[in-house]
Amino acid sequence: MDTSRNGHSRGARRGARTDRRAERMLGALAIAVLGLIGVMVVTVFVKAWPSFAHNGLSWFAPGGDVDSQLRAMEQATPLPGHAQDYFRAWPLIWGTIVTTVLAVVIALAGSILAAIFLTEFAPGPVRRVLEPVIRLLAGVPSVVYGLIGILALAPYINDHLISNSRKESVSFVVQLNGADLATATLILTIMITPIMVAIIASALGAVPSSWREGSAALGVNRWRTVVRVSLRTARPAIVAATVLATARALGEAIMLSMVSGSRGFTANPLDGVTFLFEPVRPLAATIVRESEGLSIGPLAHTVYAIAAVLLVSAAMLSLAGWGAKQPLKRYGIRA
Amino acid sequence: MMLTDEESLEEQAAFEPPSEAAIVRPPRQSTRSWPLVDRIGYWLCWVAGISLCLITSAIVLFMLVKGVSYLRPSLFVQSPSPSLRQSEAGGFLDPIVGTFILTAIGIAIAAPTGVALAAWLSEYGRPSWLARAVESAIEMISGVPSVVLAIFGLLVFSQGFLGFLSQNAANGAVYGRSFIGAGVVMAILALPLIVASTREALAQVPDRMREASYALGKTRALTTWKVLLPAIRPSIASGIALGMGRIIGDTAIVTILLGVTLKNEAVGSTPILGTLRGTGSTLTSYVYNNSPAGEGNAPQKAYAAAFVLLMVVLALNALVTRLTGTGGRGMRWWRPRVAWIR
Amino acid sequence: MVEAEGGVDPLMPPPVRRIVIDRDPRVVAPRADANGSSGAETLGASARRRLARPAVSQVIERMRIESVSLAYGQNWVVRDVTLPVRQGEVLALIGASGSGKTTLLRSLNRLTEITAGAARSGRIALDGEEIHEMEVNELRRRVSMVFQQPNPFPMSIFENVAYALREGPERRGMRRSRRHELEPAVTDVLRRAGLYGEVAGDLGRSALKLSGGQQQRLCIARALAAGPEVLLLDEPCSALDPISTAVIEELILRLRESVAVVIVTHNLQQAFRVADHVAFMHLGELVEYGSSEQVFDRPARQRTREYIGGAFG
Numbered sequence: 016m017d018t019s020r021n022g023h024s025r026g027a028r029r030g031a032r033t034d035r036r037a038e039r040m041l042g043a044l045a046i047a048v049l050g051l052i053g054v055m056v057v058t059v060f061v062k063a064w065p066s067f068a069h070n071g072l073s074w075f076a077p078g079g080d081v082d083s084q085l086r087a088m089e090q091a092t093p094l095p096g097h098a099q100d101y102f103r104a105w106p107l108i109w110g111t112i113v114t115t116v117l118a119v120v121i122a123l124a125g126s127i128l129a130a131i132f133l134t135e136f137a138p139g140p141v142r143r144v145l146e147p148v149i150r151l152l153a154g155v156p157s158v159v160y161g162l163i164g165i166l167a168l169a170p171y172i173n174d175h176l177i178s179n180s181r182k183e184s185v186s187f188v189v190q191l192n193g194a195d196l197a198t199a200t201l202i203l204t205i206m207i208t209p210i211m212v213a214i215i216a217s218a219l220g221a222v223p224s225s226w227r228e229g230s231a232a233l234g235v236n237r238w239r240t241v242v243r244v245s246l247r248t249a250r251p252a253i254v255a256a257t258v259l260a261t262a263r264a265l266g267e268a269i270m271l272s273m274v275s276g277s278r279g280f281t282a283n284p285l286d287g288v289t290f291l292f293e294p295v296r297p298l299a300a301t302i303v304r305e306s307e308g309l310s311i312g313p314l315a316h317t318v319y320a321i322a323a324v325l326l327v328s329a330a331m332l333s334l335a336g337w338g339a340k341q342p343l344k345r346y347g348i349r350a
Numbered sequence: 007m008m009l010t011d012e013e014s015l016e017e018q019a020a021f022e023p024p025s026e027a028a029i030v031r032p033p034r035q036s037t038r039s040w041p042l043v044d045r046i047g048y049w050l051c052w053v054a055g056i057s058l059c060l061i062t063s064a065i066v067l068f069m070l071v072k073g074v075s076y077l078r079p080s081l082f083v084q085s086p087s088p089s090l091r092q093s094e095a096g097g098f099l100d101p102i103v104g105t106f107i108l109t110a111i112g113i114a115i116a117a118p119t120g121v122a123l124a125a126w127l128s129e130y131g132r133p134s135w136l137a138r139a140v141e142s143a144i145e146m147i148s149g150v151p152s153v154v155l156a157i158f159g160l161l162v163f164s165q166g167f168l169g170f171l172s173q174n175a176a177n178g179a180v181y182g183r184s185f186i187g188a189g190v191v192m193a194i195l196a197l198p199l200i201v202a203s204t205r206e207a208l209a210q211v212p213d214r215m216r217e218a219s220y221a222l223g224k225t226r227a228l229t230t231w232k233v234l235l236p237a238i239r240p241s242i243a244s245g246i247a248l249g250m251g252r253i254i255g256d257t258a259i260v261t262i263l264l265g266v267t268l269k270n271e272a273v274g275s276t277p278i279l280g281t282l283r284g285t286g287s288t289l290t291s292y293v294y295n296n297s298p299a300g301e302g303n304a305p306q307k308a309y310a311a312a313f314v315l316l317m318v319v320l321a322l323n324a325l326v327t328r329l330t331g332t333g334g335r336g337m338r339w340w341r342p343r344v345a346w347i348r
Numbered sequence: 158m159v160e161a162e163g164g165v166d167p168l169m170p171p172p173v174r175r176i177v178i179d180r181d182p183r184v185v186a187p188r189a190d191a192n193g194s195s196g197a198e199t200l201g202a203s204a205r206r207r208l209a210r211p212a213v214s215q216v217i218e219r220m221r222i223e224s225v226s227l228a229y230g231q232n233w234v235v236r237d238v239t240l241p242v243r244q245g246e247v248l249a250l251i252g253a254s255g256s257g258k259t260t261l262l263r264s265l266n267r268l269t270e271i272t273a274g275a276a277r278s279g280r281i282a283l284d285g286e287e288i289h290e291m292e293v294n295e296l297r298r299r300v301s302m303v304f305q306q307p308n309p310f311p312m313s314i315f316e317n318v319a320y321a322l323r324e325g326p327e328r329r330g331m332r333r334s335r336r337h338e339l340e341p342a343v344t345d346v347l348r349r350a351g352l353y354g355e356v357a358g359d360l361g362r363s364a365l366k367l368s369g370g371q372q373q374r375l376c377i378a379r380a381l382a383a384g385p386e387v388l389l390l391d392e393p394c395s396a397l398d399p400i401s402t403a404v405i406e407e408l409i410l411r412l413r414e415s416v417a418v419v420i421v422t423h424n425l426q427q428a429f430r431v432a433d434h435v436a437f438m439h440l441g442e443l444v445e446y447g448s449s450e451q452v453f454d455r456p457a458r459q460r461t462r463e464y465i466g467g468a469f470g
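As given, the protein sequences belong to chains A, B and C, one line each in that order. Residues 16 to 350, numbered by my numbering, are exactly what the first sequence covers, in order. Residues 7 to 348, numbered by my numbering, are exactly what the second sequence covers, in order. Residues 158 to 470, numbered by my numbering, are exactly what the third sequence covers, in order.
No lab work stands behind these hints: they were computed from the structure. Just so it is clear, the structure is predicted and the values come from calculations on it, not from any experiment. Even glycine gets a Cβ: it sits at the ideal position worked out from N, Cα and C. It is possible that some hints are incorrect.
Stated by the list, open to error - Pairs of lysine to any residue, SDA-like flavour, derived with a Cα cap of 20 Å:
(1) Lys340/A x Leu201/A
(2) Lys224/B x Arg35/A
(3) Lys340/A x Lys224/B
(4) Lys269/B x Pro305/B
(5) Lys366/C x Arg247/A
(6) Lys62/A x Arg243/A
Unchecked claim - Pairwise CB distance ranges, derived in the manner of DEER restraints:
(7) Pro284/A x Leu60/B: 25 to 33 Å
(8) Leu285/A x Ile61/B: 28 to 36 Å
(9) Asp213/B x Arg221/C: 52 to 60 Å
Okay, chain A solo, but in the shape it has when bound (with noise of 0.2 Å):
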């Protein structure tokens, strides 16, 4: 055996080098997917520059008629007084924000009720049906519940939950059809309510049974243990199904541009119970709605535009995400 060289073999010595090449190939590897990653955020903020440039900070404000000035840009016709760029994003900003909101915190309540449903007081048979029933809901494609959303819910709130008189209250300034805020929200609801019962349950599965035999002992009935000690425990779990479930809202494209409605419009909540039923369009059904038309230049500018926004808030989610983590660490409750 030749043993010169530090007393390393030459067996060795090659072995050495191919590890040294197949790290570094790895290596290589993973700048590539890093680089590939970050050409793609700067290039869609570069191209939303132009966007952002002309209409300032007032690109997230209110102004006009979203569509109008849409169609404007994709016919290369400028509306009266404004050029080419001009762009008032507020009505899709709020469609968005409301849809996401309100779905978010129906969906945390009652996933984390139905969680400590499924794991204190459910029956037997019950929970052994519904876990496996919850797993294939959470898989379900968006395209799916878009069509229940727009064959059968929307319709039916059209028919019965919509009367004509409502109709008529607003038919000046917008048509009601099914396809509104409160369709959108029942449905984003659903689709994001079996991961978070899934993540939820799970976390307060796991919870020690000598906790949970500790609070009995001590003379707690199981709703209040429940309450103090295995929900504080499952936090973490809590907060990542938050950040999950809203990163999943905002982003979801298909099933809202199929149901929430024709028009960009601004729901107005002092519209009281019409408020619910009128029509909005949240930022990522707008971009596959105006996906054709994305050789054009200032359509395609503002496309990206939202794109860029779009990307902000899922970065600022998971960083509130993980924020929200850390304090729990002092007391032992690992995420």
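Starting from the known structure of chain A, fit chains B and C onto it as the hints suggest.
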């Protein structure tokens, strides 16, 4: 009751179980004594649970009924044909083929890349700033909406130098939409799932396995390739299945990057490359297009296709559950021992 | 109500003694004591095996177990046991694994009802009231339990103790209590548990960062916070090191003045050190019950003699 010394060791025989009248079996649940606030919480949980059951069964039954009623075997073998009487004409053969092609491309790119990246992150991971950056980037992708990935892909594939990957118009404008383009973006979509599954599995492999291999003089690369990866094959498979599920279920990328043709239109005359360069549809875009939101207006076909889509997703989920034992990442929702506490 | 048991005056400090070794040839070789000498009993010169016991002013019967039998399914784990539980003394339940002593302990605060398929017969009375007619959470606040593995909640030390103070219908007013309102009660009970001196500086620290012995004392403090009449200890020191064990044993002796203490232990030396009365159980039946001097020195039953001599464990 104390026993006397004279009794034999067979004390069990002396014990008579109490009569049935004396035996009490405690009832299971009783919330009568709870304060009102707690009882409200209890009932709210029941309401939430029952609603969950009702809604899930409503969705499942609805799709089952509608899907089965509109599903005909002929749909599987006919290509879609544009026709005014949509309910008679055509099936979804092309969309099924399209789904298949797209998933194949996506996984063919994402699987080796994902596994390699996970192996690098887990076994090498130097320099550490690069490893952290890659981790953050992959986590970022998993949070990015697929529409954003889609339009980024469109931008890239519309560049002139990538014109060979899709159709080119007469004036040199690159169409940018093709199976290849969509496939690459699908790969990006599936990548985080494969990386996460593989990394988690690698983290669970005990260090003794690695040490045993190193002690035999094997390099890290060889150990990873020959020892570690084969050991975690089920997890890699489940990661791939999860990625496939995500690809099959995605519509946004398809709508934006695959063109909106009902049939798979090949570009150019070369057999395989032509199809890949061409446009087409998948099950998801077929459902989208046939719904009132799209151009077609054949809800029956949309239901049938959606049903097929659901079946495929269900089968994939079942596969993942089989592969990993308890489904997904070892989620178990209830304790076996302490059943309930008053 | 004061009861005298077996002629022993509870106010007199007991003499120093060792565990009696039976010279019956069937029995396994005798144990050596701490000094290394073995064999015949020696008084006085040997190591003190019983702890110095603070005097107790009175002994009150708190719980009475009458003809209690417990079963899981068809398997009768506890068979027709009758015992008194008194404040002012420590009752030790000893026996081999599977003798039913832990199940009996758990039945005292109805923790056996957690398991499906549990059945019982007989009466258990707390201060004259049948415990199965009480509201169960009310009972568990009056009869507290400390488990084998310390199980502090993932909260601060303060919050662990405050948890026991806050939860409970009659404490509804306390649920929203601010920290400064609960602080005197929390520090008082931490002092009783002998933990306050060690953690006084930072009650906001996570309870999981304490050592094993401190965690167990925290659990004892938590159990005491609700002001129970009976304290149940299920092998509380089996997971701890000897020094922590010694600290907790001293604590138990101090506590017995104000709460009735029932301790399950498979460590005979521990039983000898702390117990006033000992109940030996075997295969679910109560074989012998008496004062600890009587059971350890002059066991009335052959089986007891065998167990104490180490014939089986």
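Outcome of the hint check:
| no. | hint | result |
| --- | --- | --- |
| 1 | Lys340/A x Leu201/A | 29 Å, violated |
| 2 | Lys224/B x Arg35/A | 13 Å, holds |
| 3 | Lys340/A x Lys224/B | 41 Å, violated |
| 4 | Lys269/B x Pro305/B | 18 Å, holds |
| 5 | Lys366/C x Arg247/A | 18 Å, holds |
| 6 | Lys62/A x Arg243/A | 50 Å, violated |
| 7 | Pro284/A x Leu60/B: 25 to 33 Å | 29 Å, holds |
| 8 | Leu285/A x Ile61/B: 28 to 36 Å | 31 Å, holds |
| 9 | Asp213/B x Arg221/C: 52 to 60 Å | 57 Å, holds |
The structure does not agree with the numbered hints 1, 3, 6 stated previously, though it agrees with the rest.
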